[in-house]
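S.K.: All chains should be built: construct the whole structure from the sequences, respecting the hints.
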Amino acid sequence: MFLYAVKRLIQGVVTVWFIATATFFAMHGVPGDPLMNDKAVLPEIRANLEARYGLDKPIHVQYWIYLKNMASGDFGISFTQQNREVNDIIREHFKVSATLGILAIVFAAFGGILWGALTALYRNRMPDIVIMFMVILGISVPGFVFAALGQLSVVEINDWLGFTLFPVAGWGTVQHMIVPSMVLGLGTMAFLTRLMRSSMLEIANSDFIRTARSKGLPVTRILRKHQLRNAILPVITVLGPSVAAITTGGFVVELVFAIPGLGRYFVQAVQQSDYTVIMGTTVFYGAFLVFMVIVVDVLYGFVDPRVRLE
Amino acid sequence: MTEIADTPSPDVPGGAAGTGLDIRSLGQLLYMGAIGFGALALLLWALAQWNEGGAGEAVDAVTGTITLSLFGEPPQLDSTRGTDAVSFNILGHTMEGLLRYDADNRLVGGVAERWQIDDAKATFWLRPDARWSNGEPITAHDFVFAWRKVLDPLNASEYAFILYGLKNAEAVNRGEMPLESVAVFALDDRTLEVHLERPVPYFDKLVAFATYNPINQAFYESREGRYAADADDLLFNGPFTIASWVHGASIRLEKNERYWDADRIRLNAIDYAYFTTDSNAIINLFKDGKTALAGLVAENLDDALQRRWRIKRFSDGAVFFMEFNHREDRLTRNYHLRKAIQVVNDSPELVYRVIKLPGNLPGASLFPVWLKGVDGYFRQEYPLADPPPDDDLGRRHLATAIDELDLDGPPTLVMLVGDSPTAKKQAEYYQNVYKQKLGIDIKIDAQIFKQRLAKMTAGDFDIVMAGWGPDYDDPMTFADLFASWNENNRGRYSNAELDEAVDIARSSSDPATRMDAMAKVQQILYDDAVIVVNYERGSVYVSHPRLKGVVRRAVGTDPDYTGAWID
Amino acid sequence: MAEGTLSWERVEVEREVETVARPSLSYWQDAWIRLRANRRALISLYLVIALMAFTVLGPFVWTVDPAAQDLDQISVPPGADRVATVVDDYRPWDGATATPIEGDGGELAAPGAVEIADQATTNAVRLYWDPVAGAGGYRVYRNKYDPEPDGALGLPIGEILSPANVSFEDRLDLKAETYFYSVVALDGAGREAVGYTTVTADVTRVITAAEALDKGLIEDISDVAPGDTVKMAFHPLGTDYLGRDLLARLMHGARVSLFIGIVAPFLFVIIGILYGSAAGFMGGRTDQVLMRFADFVVALPFLLFMILLRILFNVESGDSGVGPMLVAMVMLSWPAAARLVRGQILQIREEGYIGASRLLGAKTNYLILRHMIPNTMGVILVTLTFAVPSAIFTEAFLSFIGMGVAPPTPSWGSMCNEGLKTMLTTPHELIAPAAFISITVLAFNLLGDGLRDALDARMRATE
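Chains as they are written, first to last, in the numbering used here: chain X, 1 to 310; chain C, 1 to 567; chain Z, 1 to 463.
One thing to keep in mind: the hints can contain errors.
[Claimed, not checked] Cut-off 25 angstroms, straight-line C-alpha distance, at most; resulting in silico cross-link-like pairs (SDA-like, lysine to any residue):
#	chain 1	residue 1	chain 2	residue 2
1	X	Lys95	C	Ala243
2	X	Lys68	X	Arg91
3	C	Lys372	Z	Thr99
[Claimed, not checked] Here are the computed distance ranges between Cβ atoms for each label pair:
#	chain 1	residue 1	chain 2	residue 2	range
4	Z	Asp223	C	Glu500	54 to 60 angstroms
5	C	Ser279	Z	Trp93	31 to 37 angstroms
6	X	Val174	C	Arg264	35 to 41 angstroms
7	Z	Asp104	C	Lys548	24 to 30 angstroms
8	C	Arg226	Z	Ile439	52 to 58 angstroms
9	Z	Asp223	C	Asp527	39 to 45 angstroms
10	Z	Ser162	C	Thr412	43 to 49 angstroms
11	C	Glu404	Z	Asp65	56 to 62 angstroms
12	Z	Asp220	C	Leu384	36 to 42 angstroms
13	X	Ser214	Z	Leu424	58 to 64 angstroms
Read the hints as simulated data drawn from the structure, not as lab findings.
Note that CB positions come from ideal geometry on N, CA and C, so glycine has one too.
M.R.: Below is the structure:
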């Protein structure tokens, strides 16, 4: 088990190196450079800037310096926010994105399980039809449309109430977090609802439920102890992959709700050719996802005896 | 890729259980739901502890606070290195240079109480009561230090060129002379003397620019390279100080009690609680009473009218134009081709039908209407004749151009534009116009910011949609744009006659001679179809009804809240 | 054969065996039967076919040019009034001037009377007014609603910086409705007086004969005289922000969105099949190396790299940007398909019939082509169907952050993004493209569900 974990870890490090290299060369292949600005920079001023950022060195030297710095956990200084280290930017903004992501996942899982169970219980009756209609909407409408509509509805609700129930944009308090994370979690919630529903129906039909029922166990007990518990399992297994979907969806929600998350910064950095921020963010996200997968895999090995680790 | 499992399982009557028991199942579910909800609330609370922020109402008369949104995190609050509008705006509220603009846009004393400028030198006498936020007096040495810093090659300031009027400044910035040779001297703590390389008739307007701000040397050095990186890493001398700065999220300014003119300041705090460029988000914040000022876009005007908002307008001073590529190997080097494009251009149609936002003005001249001339407005003193579009004339010019260039028919031209929705929209409009009127095919090359700049610099375009905003309040900030030596002359236009006029305009000390020369520049740009001016940018905005005294302007801090108050 | 001779005919053995089996069905026949039984999947299939027809055949039926701009009908909703009166050509107006009146330094009054010169049309509304004593200039407001009682004057459409000029010509985005124009005097420093004078203008929709000819509304310029009415061009779904026909744009946008949505998954699935089957079949060291590389690519953060690659490839000017987007998407998406195929191949390799086939002397190529690929086809088809919605979403997302296809090429995603801005005033610009995205995504999702149910061997066994 320990050996397995070490092996996976080494693989992970190599993968991160691959991501870093791919990012570095993709970045340097893009035309335009971070030192340009709206107003033209005089050649002598430009030379000063290049020297300051080490861009006057040949590319392989830059690559080597970049790898060395990265290995020591230093992503350098942002080109556009010249007084901020990329590490600081990542730390401050990832916190926000992570909060948003965690909440969205929780909303999605919570909602998905609840609605999924409800639809299964009321199969082919009104609640089922209504919820499944919503689910279809959730799956088929693009996220940015939801985000814009979500913000608009918040304005209308506050207008109607006469006070600010949920803030329209911004970040910081609990109220700020609720609407964006719900919007972000919506797609995943719809997906999980479907999964939960089919899972519930499948379990309802299985032998052990039939046995439990024939033994005369109370219905609520069957529901709680047998049906829900077993139906939730497949939902939990897909939660892992959903994390990736949610982090990427975060871009749009952060843009629309003016949330200072990392996704929004990445888009800005790309516009600005801010090399260090782009590379830092990509490598950080890549490494984060890679190690999340490893952790989940290793944990599964502990939790589920059926999973054999090679 | 998501796998969606919805296996139609063989029918089980009534789903999980028979009818009649559903209520209890439902109760069970709700019970579990309630527990889940409690856990969720706990999680929310925990996450809220982890994050910081939160903002108040748009205006708070009790605390004298207004809440606003900002386009983004200020990238660089070190005045020697800042280049962008957001940083300059924060600097405009927290710092003060030798001179500043008052509410009626007149130049008044800032740190300097008196000044004298002639052809060879400028002298500034500083106020005795001007202080840094740590209580130290502001001295002439603080200016000497800051200006040397700007010109220091190691500091790599992009706005160093704005100090090139100082004697030896350019050579110092090139690294050819030592820093000490910059001709700026502290005669004593309160007298600053500047020697000029050549007469700079608008030097008073230049020193109002943020790059000319003072910096306290001892403080700067004590931060060890972290100057301006955070609220604690700055020393202020303006109306406000930065009380807190959550990077990427918010900045809060508070009244600077040590400011020499603190009585002028009536707001206690300005809370920039939102960083966003999304106009919809800003307007939604305004609707919700969370920001005191919001710019409107054409798409929101009807909504604004319906809500009976009091809409105001202003000009931000910028001019937008299509710039031709005048390099040797380009078709657009041909005069008749450019002229054809110029004479069919219908800038009123662009402004009134496509942009649709009041405040924008159809344009013909590179010099916008708000610029001052000798006595009054430059454009009223030197009007530029702009005949209405003439499609027949355009086609005749095009025919000549096709003939001269030995083409088979109307050419295909590449139009380089930015990736903003407005830029794309305008490009699409022009594409259609030139196709319809001249048969010219325009290929739109929409590029994100830095990529567009790279292509502009490399000359990889036929036409580029460009804009120019003023740095200082003198026609000169526009006039030298197409001088052959200007790096911003991306089309590499070169005309000795224009260069000569620019030279007169920038160094003559007689206003009439200068303005005559500017008028000549204006005429050459039009006659030779160097550029085709599209519009002068303006905007409309709404502000909280109780917020008064906000100044919007083309040059200087905009929007300026230093004189604002809550009614 | 003569009579009486014995004929040794072969006796046909008629073995009338009772068959209990249904006619033998191939995998695909069976799948089709199951798919047909699934109503939702069937409807989805028809929807997909209809979308294809809309994309491919639509432009032949509705031949309006999607790039043609009708600046007289900008952002017009479906079913709007399109009658316009023919007028003479637009001529610039000199306006009205007045000798400025010296003021007494007190409060500025409201202009005595504001009048409308000529007829108020969608080409121009011309106002002039009595000079105000002491004014340094004027500001003109326009509102769609009555400024009374609270004095909300509306849009500040004009600013006159000289006291001599007492007129204003409004040409800003005029619609055929009633406007309330208010004029306020400004003092020397540009400060606004309190009083205002309002005039209402009923604007009529007009078109000049030359424009009508240009737009093909009339055959010849002599067909109409000023005062006649003509009907403007018909747009069944309305127009967009440049007066372009929305239906035509949706059809052409479908070409981009569906092209990316279908071709990208198709390409990466093919690459995935080649790569995955190679890895799966060769096994051993090669498999290890190949799959490790696939793992690397999977680990790249998708959207981040999508954005990077999208910019990296977009160097050609005038390019629609569809190609780069496609390449980027394929480059990042193939490993998932490769993994899937490899897994299937590994599984099938162990099946008895493969061993049997091999015993009969089948070559590797034959095994792959005859057994492996056909047997993975079901899974691949399902993957393909589910990949379409996510590819369409990716395109829409890139368009939303401004990195989608280049103008003027329409795509559903970029149309949605434009429509979002005008959501409140002209919702049709959002609803139409959003509905198309939703329907497409839904159809492919449900079709995918149906296909999986139909093709899944495990399910077949339990029936």
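S.K.: So does Asp223(Z) sit 39 to 45 angstroms from Asp527(C), Cβ to Cβ?
M.R.: 41 angstroms, holds
S.K.: For the pair we were handed, Lys95(X) and Ala243(C), check the Cα-Cα distance against 25 angstroms.
M.R.: The hint holds at about 23 angstroms.
S.K.: With a cut-off of 25 angstroms on the C-alpha distance, tell me whether Lys372(C) and Thr99(Z) pass.
M.R.: 24 angstroms, holds
S.K.: Can you let me know if the beta-carbon spacing of Glu404(C) and Asp65(Z) is within 56 to 62 angstroms?
M.R.: 32 angstroms, violated
S.K.: A range of 36 to 42 angstroms was offered for this pair. Does it hold for the Cβ distance of Asp220(Z) and Leu384(C)?
M.R.: 39 angstroms, holds
S.K.: I want to verify a distance hint. Is the separation of the beta carbons of Ser162(Z) and Thr412(C) within 43 to 49 angstroms?
M.R.: With a Cβ separation near 44 angstroms, Ser162(Z) and Thr412(C) satisfy 43 to 49 angstroms, so the hint holds.
S.K.: Could you see if the CB distance from Asp223(Z) to Glu500(C) stays within 54 to 60 angstroms?
M.R.: 56 angstroms, holds
S.K.: Could you check the hint for me, namely that Asp104(Z) and Lys548(C) are 24 to 30 angstroms apart, CB to CB?
M.R.: Holds: the Cβ-Cβ distance is about 26 angstroms, inside 24 to 30 angstroms.
S.K.: Evaluate the given range 31 to 37 angstroms for the C-beta pair formed by Ser279(C) and Trp93(Z).
M.R.: 33 angstroms, holds
S.K.: Holds or violated: Lys68(X) with Arg91(X), Cα cutoff 25 angstroms?
M.R.: The given pair, whose Cα atoms are some 20 angstroms apart, holds under the 25 angstroms limit.
S.K.: Within 35 to 41 angstroms: is that where the Cβ-Cβ distance between Val174(X) and Arg264(C) falls?
M.R.: 39 angstroms, holds
S.K.: That 52 to 58 angstroms hint for Arg226(C) and Ile439(Z) (C-beta), does it hold up?
M.R.: Cβ of Arg226(C) to Cβ of Ile439(Z): about 55 angstroms, so the range 52 to 58 angstroms holds.
In this structure, only the earlier hint numbered 11 is contradicted, and the remaining ones agree with it.
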